[in-house]
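J.: So the chains spell out like this:
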Amino acid sequence: MSPQIVSSSLGALRNAGSVFGLILAHGQEIIYQDAPFPAQTLEELSSTVDDIAYYFEQEGRYPDQLSFGFDGGSILIIIQGRHRMLVFHHHADEVDFVGKAAKAFFKDYEMNLLTEEWVVGQQAEPGEAGSQSSSGSGHRQSTQRVAVRANQEG
Amino acid sequence: MTGQIEEGANAALQEALKNRQMRFFRASRGSAKGRTGSADTARFADNLMILQECALLLGEKLQMSAVAHAIFYEGDETSGFCFDPNSNSQNPDVAGAIVNQRMPMKEFISSIRDFINS
Chain A
815 MSPQIVSSSL GALRNAGSVF GLILAHGQEI IYQDAPFPAQ TLEELSSTVD DIAYYFEQEG
875 RYPDQLSFGF DGGSILIIIQ GRHRMLVFHH HADEVDFVGK AAKAFFKDYE MNLLTEEWVV
935 GQQAEPGEAG SQSSSGSGHR QSTQRVAVRA NQEG
Chain B
21 MTGQIEEGAN AALQEALKNR QMRFFRASRG SAKGRTGSAD TARFADNLMI LQECALLLGE
81 KLQMSAVAHA IFYEGDETSG FCFDPNSNSQ NPDVAGAIVN QRMPMKEFIS SIRDFINS
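Top line first, the protein sequences correspond to chains A and B. Add 814 to the 1-based position in the first sequence for our numbering, that's all there is to it. Add 20 to the 1-based position in the second sequence for our numbering, that's all there is to it.
Hints are all accurate, no fakes.
Here are the computed lysine to aspartate or glutamate pairs in the EDC-like style, where the Cα-Cα straight-line distance is at most 20 Å:
#1 A:Lys-921 x A:Glu-931
#2 A:Lys-917 x B:Glu-97
#3 A:Lys-914 x B:Glu-127
#4 B:Lys-53 x B:Asp-113
#5 B:Lys-81 x A:Glu-857
#6 B:Lys-126 x B:Asp-96
#7 A:Lys-921 x B:Glu-94
Output of the computed footprint for chain A on chain B, the stretches with three or more beta carbons under 8 Å from beta carbons of chain A:
#8 80 to 92
#9 121 to 127
Which residues of chain A face chain B? A partial, calculated answer using Cβ under 7 Å:
#10 Thr-855
#11 Thr-862
#12 Asp-885
#13 Gly-886
For the record, the hints were derived by calculation from the structure and aren't laboratory data. No experiment lies behind these values; they were computed from the predicted model shown. Using N, Cα and C, we set each Cβ at its ideal position, and we do this for glycine too.
Given only the sequences and the hints, what does the whole structure look like? Please build it.
T.: As structure tokens, then:
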């Protein structure tokens with residue numbers, strides 16, 4: 815899924831209802847963030863949620879959705895494999911809607927990742943690659959093909 | 021214990037699991053009480069401690085110290101707690117529940133609040 819599509823999909827959730835912030839991370843690496851907190855706080859939050867997920871894993875437990883209601887707002891955490899999404903929202907009553915929207919995003923996101931892996935795998939099959947260099951990522955090979963096609967058309 | 025009835029489980033626990041009903045608990049001054057047996061109450065106490073620790077860690081980062089409630093889904097189970105707003109704020113009581121279904125979180129919290137006020 816391209817960063818633009820991720821940004822567009824999450825932007826819709828970010829602006830829904832009383833949502834006031836959103837972080838998507840893979841492990842501790844932040845993939846997308848739009849939340850009214852300093853960069854250091856976002857990194858620390860991402861790291862804390864990763865630690866929480868790790869703690870549960872060590873206990874042989876796998877929660878996938880956690881919600882915390884604070885005085886200043888609520889946080890919904892979705893854990894999907896190594897991905898974590900944190901959604902900050904003001905109205906606690908919206909938690910189920912926010913959870914469904916976040917899960918729907920992950921379905922699309924994972925489908926896109928699978929499709930990308932499949933396309934890259936197909937391009938890397940022996941005999942298929944022809945004279946392409948054996949080094950480099952699938953993404954690079956894909957870019958080369960597009961470039962060749964563009965040259966032929968030009 | 022997500023759907024399977026524990027061997028030796030008490031009658032209240034068996035009934036709740038069979039009908040997918042919420043099992044309610046109360047906790048205050050470091051001890052938890054419930055009607056569904058000591059093992060089930062210990063599970064609730066364990067969840068409560070983990071959720072409180074998570075809330076503390078997250079609240080620290082966000083500078084939001086007072087957690088009102090926390091819930092989570094794990095497999096086909098929903099578990100969580102609410103602070104009792106009618107209790108002593110210096111040493112607040114907690115009410116919580118476990119249910120062997122993925123219950124809407126809003127409904128889950130609302131049921132705990134009803135239990136607090138009952």
